[in-house]
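A.B. asks: Place chain Y on chain Z using the hints.
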Amino acid sequence: MSTDSYADAYDTTEGRVHTLVGGDWDSVHGAPEGQQERVVVNMGPQHPSTHGVLRMILELEGESVIEARSAIGYLHTGIEKNLEYRSWTQGVTFVTRMDYLSPFFNETAYCLAVEKLLGITDQIPERATVIRVMLMELNRISSHLVCLATGGMELGALTAMTIGLREREIVLELFELITGLRMNHAFIRPGGLAQDLPAGAEQKIREGIAKLKKNFKDTSNMLVDNSVWMARTSGVGYLDLTGCVALGMTGPVLRSTGMPWDLRKTQPYCGYETYEFKVATQTSADAYGRFLIRLEEMDESLKIVEQCLDRLRPGPVMVDDKKIAWPSQLAVGGDGQGNSLEHIKNIMGESMEALIHHFKLVTEGFQVPAGQVYQAVESPRGELGVHMVSDGGTRPYRVHYRDPSFNNLQAVPAMSEGGQVADLIAVVASIDPVMGGVDR
Amino acid sequence: MTESPNTENSVENIGTSTSSHPVGQRVGSFHVKGSGDTSGFGGLVQTIAIPGATARPFGSWFDAAADVLETSLVKQGIKVKDAIEHYTVDRNELTIVVRRENLISVAQTLRDDEALRFEVCVSVSGVHWPEDAGRELRANIELLSMTHNRRVRVEVAVPDSDRHVPSVTAIWPSADWHERETYDFFGLIFDGHPALTRIQMPDDWDGHPQRKDYPLGGIPIEYKGATVPAPSERRSYS
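Residue numbers (our numbering), protein chains in the order written: chain Z, 443 to 882; chain Y, 62 to 299.
None of these hints come from the bench; they were simulated from the model.
Note that the coordinates shown come from a computational prediction; the quantities given were computed from them, not determined experimentally.
Keep in mind that the hints are not guaranteed to be accurate.
Unchecked claim - Below 30 Å or equal to it, Euclidean Cα-Cα: the simulated DSSO-like pairs (lysine-lysine) are:
(1) Z:764 - Z:720
(2) Z:720 - Z:655
(3) Z:655 - Z:707
(4) Z:656 - Z:707
(5) Z:802 - Z:765
(6) Z:765 - Z:745
(7) Z:802 - Y:273
(8) Z:765 - Y:273
(9) Y:285 - Z:802
Said to hold, decoys possible - Here chain Y is said to cover these stretches of chain Z; the calculated rule only asks that three of the stretch's residues, wherever they fall, bring their Cβ under 8 Å from a Cβ of chain Y:
(10) 582-594
(11) 702-714
(12) 827-838
(13) 847-856
Beta carbons are placed, not taken as given, at the ideal position from N, Cα and C, and that holds for glycine.
So that you can see chain Z by itself, here it is in the shape it has in the complex (with noise of 0.2 Å):
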């Protein structure tokens, strides 16, 4: 028997049980002849096949999984809360941060809702809007490459991670170049944008979506029909339309079943009954249908973004209602950031009471109706919700996001139970949790 004190051996009404750290499978000999052996394995939270700080409990009997449980929470960071003691503008800053590999969704869904509350949703300026769909549909791109890149790495596909990652890059500086940010934008606020796009912003993104496009053949050349990674997705993870349903589950889950259901087109915002794109679609229910959706659905943002060029108009990115919108527009100053000069030669030099209208609308905000509302976006991953209450203050008295993570998650014993501990991993891997929008 080992000596350590955490590693030891007691009866219970199941049995007797063993607990064993590592090191020490020598000291246990087996169940008795005719009763059942059942190993109890903790995979993670610090594990790097689940996805992030994923956790989960499995009762194993050989290979075969006879129970998971995950539990979360390990990156819990209280951003619901800290919403409530900052103005409705400061909240994009922390939405930003809950599903990190889609800020952008994030960002819209906060905006939406406030904006609702606000009942200035169709003042908003056109090419605001259409410079959301424009990051949205780019965003949606860089978050399919990073679940095809993880989900490649957790099933041993290292090219596929070395490809996805290569080509989200294209995508992470075309979001530099817009926002000054690589992740964690805040560029869309309650109203518009931050400040409108910067010169030769749009050549670029037609060249970055280019060559997106060209080498969107590599990864499907790697990946579909190749039968290697169809023998792992193939099957497995299987969750039917009446399952997804009970689950609340969205997203390429449940569009795996053959279920169209896309907010984008069923319950559209931002203007989007009016872009040309198909809703992608699969019928297997399997991690392997999701897989084939998400391939489809970056070909379609594509087509989205480039219809976004063609439409974009000089115009304001910012509501026109000056209690609303931030006073300046962002430019680079000496100081590498700060606001317009134009904008200073006016507070400091002609307006004193355009300058206590910027002091007021930046330290103090504006004043939000009360009352509640739902707004929720197709996220990557599928229905990003905001449930936003106001109390009629400057501040959100609640906002709650319902992330399509944290609800999806739920799935995965439905999915895994029976099957094998490697199927475990590429079901968590269909799925795609991104445990910063599952903790909040």
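C.D. replies: Quick look at chain Y alone, frame taken from chain Z:
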């Protein structure tokens, strides 16, 4: 389900006669406590009110859905006023405020009646209004009907002294983790939940962090000799 956008939900249709429900008071202009009032607005008292009951007609599809729900409840032998406190139509969203005694019957009807068919429970979350006596805690159940392409919110208000709400996990299994999170953050106890344990906070955590009486915490930030107070200690304007 339909492929076309939901055109029946135009903003013109929304219910216009909604009463307001007081939930608290806002005093002064800057919420400064412990120091003298320099703003001149220290005596200002405003009532905080949220949308309350909406009178019929609601507009849009809301009237028809409410009729179907009420008819079905009566058929089950439940008096409408025992099940439904009121409806709120605000910003073109329908909220059904339900008494917890009959939440399960209402939920079952919303899911199963073919004119309603809210087959997906999208989310459950809570809101804490500490000054709304007898109705301090709210559970908000967001429902989605893929069949009819509609959304509705079911709200249950309970007193802080008796924070029990029946669990809807038997009707919508997806509510499982959402109810655990609401329990974790607000202390709402969902009776009938298969394993109501904390989900985000550690098992041995004290208190329920999203309640308004739970402090945000945080420490002052010091940088180059200047100190910025913790976020909850800064002057607020709301």
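A.B. asks: Determine for every hint whether it applies to the structure shown.
C.D. replies: Hint-by-hint comparison with the structure:
| no. | hint | verdict |
| --- | --- | --- |
| 1 | Z:764 - Z:720 | violated, 38 Å |
| 2 | Z:720 - Z:655 | holds, 17 Å |
| 3 | Z:655 - Z:707 | holds, 24 Å |
| 4 | Z:656 - Z:707 | holds, 27 Å |
| 5 | Z:802 - Z:765 | holds, 10 Å |
| 6 | Z:765 - Z:745 | violated, 36 Å |
| 7 | Z:802 - Y:273 | holds, 26 Å |
| 8 | Z:765 - Y:273 | holds, 28 Å |
| 9 | Y:285 - Z:802 | holds, 26 Å |
| 10 | 582-594 | violated (count 0) |
| 11 | 702-714 | holds (count 6) |
| 12 | 827-838 | holds (count 8) |
| 13 | 847-856 | holds (count 4) |
Of the numbered hints listed earlier, those contradicted by the structure are 1, 6, 10.
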